[in-house]
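From first to last, the protein sequence lines are chains A and B.
The first sequence begins at 1 in full-length UniProt numbering and counts up by one.
The second sequence begins at 1 in full-length UniProt numbering and counts up by one.
Think of the hints as simulated: they come from the structure by calculation, not from any bench.
There may be inaccurate statements among the hints.
As the list claims (entries may be wrong) - A few chain B positions that, by computed beta-carbon distances, are all more than 10 Å from chain A: (1) Gln86; (2) Glu132; (3) Trp135; (4) Leu197; (5) Asp262; (6) Asn268; (7) Gly282; (8) Ser294.
Claimed, not checked - Estimated spans, in silico, between C-beta atoms of each pair: (9) A:Lys27 / B:Asp223: 19 to 29 Å; (10) B:Asp180 / A:Lys27: 22 to 32 Å; (11) A:Lys263 / B:Ile92: 33 to 43 Å; (12) A:Lys95 / B:Glu130: 27 to 37 Å; (13) A:His80 / B:Gly258: 48 to 58 Å; (14) A:Glu172 / B:Gly258: 30 to 40 Å; (15) B:Arg105 / A:Ser214: 47 to 57 Å; (16) B:Lys95 / A:Glu245: 37 to 47 Å.
As the list claims (entries may be wrong) - In silico SDA-like links for lysine to any residue, alpha-carbon gap of 20 Å or less: (17) B:Lys106 / A:Ile249; (18) B:Lys198 / B:Ser247; (19) A:Lys77 / B:Ser119.
Cβ coordinates follow ideal geometry from the N, Cα and C atoms, glycine included.
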Amino acid sequence: MADNSKTEDTASDSLEAAKNATNKKEKLADQVMQNPQVLAALQERLDNTSLTPSSYIETFPKAVIRRIDALKKLQVKCAHIEAKFYEEVHDLERKYAALYQPLFDKRREFINGEAEPTDAEAEWHSENEDEEKLAGDLKNAVVIDEKAEETNVKGIPDFWFTIFRNVDMLSELVQEYDEPILKHLQDIKVKFSEPGQPMSFSLEFHFGPNDYFSNSVLTKTYKMKSEPDKTDPFSFEGPEIVDCEGCTIDWKKGKNVTVKTIKKKQKHKGRGTVRTITKQVPNDSFFNFFSPIKVSGDGESLDEDSEFTLAADFEIGHFFRERIVPRAVLYFTGEAIEDDDNFEEDEEGEEEELEGEEEGEEEEDAETDPKVRILCA
Amino acid sequence: MADIDNKEQSELDQQDMEDVEEVEEEETGEDANSKARQLTVQMMQNPQILAALQERLDGLVGTSAGYVESLPKVVKRRVNALKNLQVQCAQIEAKFYEEVHELERKYAALYQPLFDKRSEIINAIYEPTEEECEWKADVDEEISDEMKEKAKLEEEKKDEEKEDPKGIPEFWLTVFKNVDLLSDMVQEHDEPILKYLKDIKVKFSEVGQPMSFTLEFHFEPNDYFTNEVLTKTYRMRSEPDDSDPFSFDGPEIMGCTGCQIDWKKGKNVTLKTIKKKQKHKGRGTVRTVTKTVSNDSFFNFFSPPEVPESGDLVACSKCQTWPLSFSSLKQLLEQKKISNGICDDDSEAILAADFEIGHFLRERIVPRSVLYFTGEAIEDDDDDYDEEGEEADDEKDQNPAECKQQ
Chain A
1 MADNSKTEDT ASDSLEAAKN ATNKKEKLAD QVMQNPQVLA ALQERLDNTS
51 LTPSSYIETF PKAVIRRIDA LKKLQVKCAH IEAKFYEEVH DLERKYAALY
101 QPLFDKRREF INGEAEPTDA EAEWHSENED EEKLAGDLKN AVVIDEKAEE
151 TNVKGIPDFW FTIFRNVDML SELVQEYDEP ILKHLQDIKV KFSEPGQPMS
201 FSLEFHFGPN DYFSNSVLTK TYKMKSEPDK TDPFSFEGPE IVDCEGCTID
251 WKKGKNVTVK TIKKKQKHKG RGTVRTITKQ VPNDSFFNFF SPIKVSGDGE
301 SLDEDSEFTL AADFEIGHFF RERIVPRAVL YFTGEAIEDD DNFEEDEEGE
351 EEELEGEEEG EEEEDAETDP KVRILCA
Chain B
1 MADIDNKEQS ELDQQDMEDV EEVEEEETGE DANSKARQLT VQMMQNPQIL
51 AALQERLDGL VGTSAGYVES LPKVVKRRVN ALKNLQVQCA QIEAKFYEEV
101 HELERKYAAL YQPLFDKRSE IINAIYEPTE EECEWKADVD EEISDEMKEK
151 AKLEEEKKDE EKEDPKGIPE FWLTVFKNVD LLSDMVQEHD EPILKYLKDI
201 KVKFSEVGQP MSFTLEFHFE PNDYFTNEVL TKTYRMRSEP DDSDPFSFDG
251 PEIMGCTGCQ IDWKKGKNVT LKTIKKKQKH KGRGTVRTVT KTVSNDSFFN
301 FFSPPEVPES GDLVACSKCQ TWPLSFSSLK QLLEQKKISN GICDDDSEAI
351 LAADFEIGHF LRERIVPRSV LYFTGEAIED DDDDYDEEGE EADDEKDQNP
401 AECKQQ
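Generate coordinates for the entire structure from the input sequences, incorporating the hints supplied.
Set out below in structure tokens:
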């Protein structure tokens, strides 16, 4: 803009032209609004419609509504084709799970000290290499007497435990007394349902021998709905977790962290005597993850709190499958968390708003819609 | 009294229970905890320990690498080995997404007959049979008796007027108007043109080609332009970046190309002529100059800004105002002459918005257009998508292809 005085004219010219057009329109509108027939028709339309597109449709001629219904029927067919699409995506995921597995097995070996990486396997140059080296040197200068212990360290100690600590969604579940147990966690695997079976996936938590329970694997299975709902076919957006199942933990004596004993002093109302009784009540623990609330079989809906808890559980299951297991090392180092943080802030804001409305609905659509997943998983 | 102390509550019989009142509760197993606490307090008073802790904390602040750096060397080696494995995972993941793309191509062919029939019904090429129109309304959609009466009256009036609309008039224009993301782009002067839009198709890139998808907008013959089809192609990145393999999260839209519109004379709505009155400073004479500048229009969608050759689109903190108009971008480009490799905030915002629209058309609008026509899908989407009132919201639900750009 070279010269403001010149362009001012331009602006006012265009404004003028626009004003004239608007004035003409307004005059016409006034005229129309004074025509009683028009007013009557408008009134009727207003009475009939609530200004949503769906009610607007109802004012259409019958022939057109017929055709719209035909389109809806076509849409139901689309939904069924879509269901088959997602089944095939699930098959693809199963196929690729087998391709990732050798890499995950190697990962497990390095983590648990079952194997040692070669120099080639351990070579890594990062962007921040110099920074990191400096930070490392500083640390080494101050550390006393660590070196002796260092060389005896096996694998990557507390690998999975560290991930739990780093990830908010998980650390919230972990109590202090869970921690020593989680240090025995050696691996988490994702298993997919086989062809022909109802669509589901399982999380397997592999533990080393320990003092707490005798199981070597704890499992959590998530069941999915992969077909459009007959009563509401258009709400289908791909497979959705609808239920889950845990497993029985064979706790060793006195080690069950999911229950606590409380003492109750009771005073006899009549006699005034006091006695102490002990009682077992549920205790907060990560290991309650393996005893989830059951979605009621007879179609009874759960109360709001339970639905919320269940929704949170599904979210965690999904997160393990989609993010933690495939990219564990990045959650160990924290790199992935910084990325996730960019999205998670929005998530939390959303939760507050939609409290009570989104029960059971997954917040991360990434899994339910592989097409979406393609662009964002 | 002693003999009933410490019995399990379940062992006592009902009678006893009724006569008692609760006095107090205390937890057992507290002892272990309090010992640990005592130890911690002692430790925290040891100056050497404090110094070491401080050092460690300082290292951790600001970098996630800080934690890893504090690990013994042998462990770091193993963590690096895991990172190398992770890169291999990312490469396998890229192949996975290629196969998903193939799957989508395969299914696009399965949907196509249904979409073709849809187009025929909309454009009055085909009239559905009674059976094809049988549809039971949802509970929500059940019309009240009163409304049924009114609807009947309306219908009868219309029959008298002998209205016989063909197909579903203005189907796609209505879809555009119902969806905020699209209606924001449509100006008044675009509407008469959009009435000629008869179909929107999605085409997928073939095997072996770089991954992309194309939106085809099919128009009836009209007074505005001669093209039968206007296209917009979105190119995608489907491989991890060598310099940053861990940022790979699946295919991402990286750029797009439009097409040339062969406007008929005087019908180009993407341009407007303005008259400028100019006053000669010295002489005082006035002259009128006409100038052609960009005009806001949906049809600018087919002339998107160029993505610079080098450099990724980095998140733009200014991208709060959405949508931005294409014409203002064009003016900016004309003025600032954006050079290769530099993308200013506004064009980034416009591209990000464009990618979002392309994605939305592909994923939602085309596959489910009737639901956007009736409005059912919009009411659903409203629950999923955030209202504009939320700041710092990078359209989380809109699929991180776009999220990445933000």
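Contradicted hints - numbers only: Numbers 1, 2, 3, 11, 12, 13, 14, 16, 17, 18 - these are the hints that the structure violates, sorted from lowest upward.
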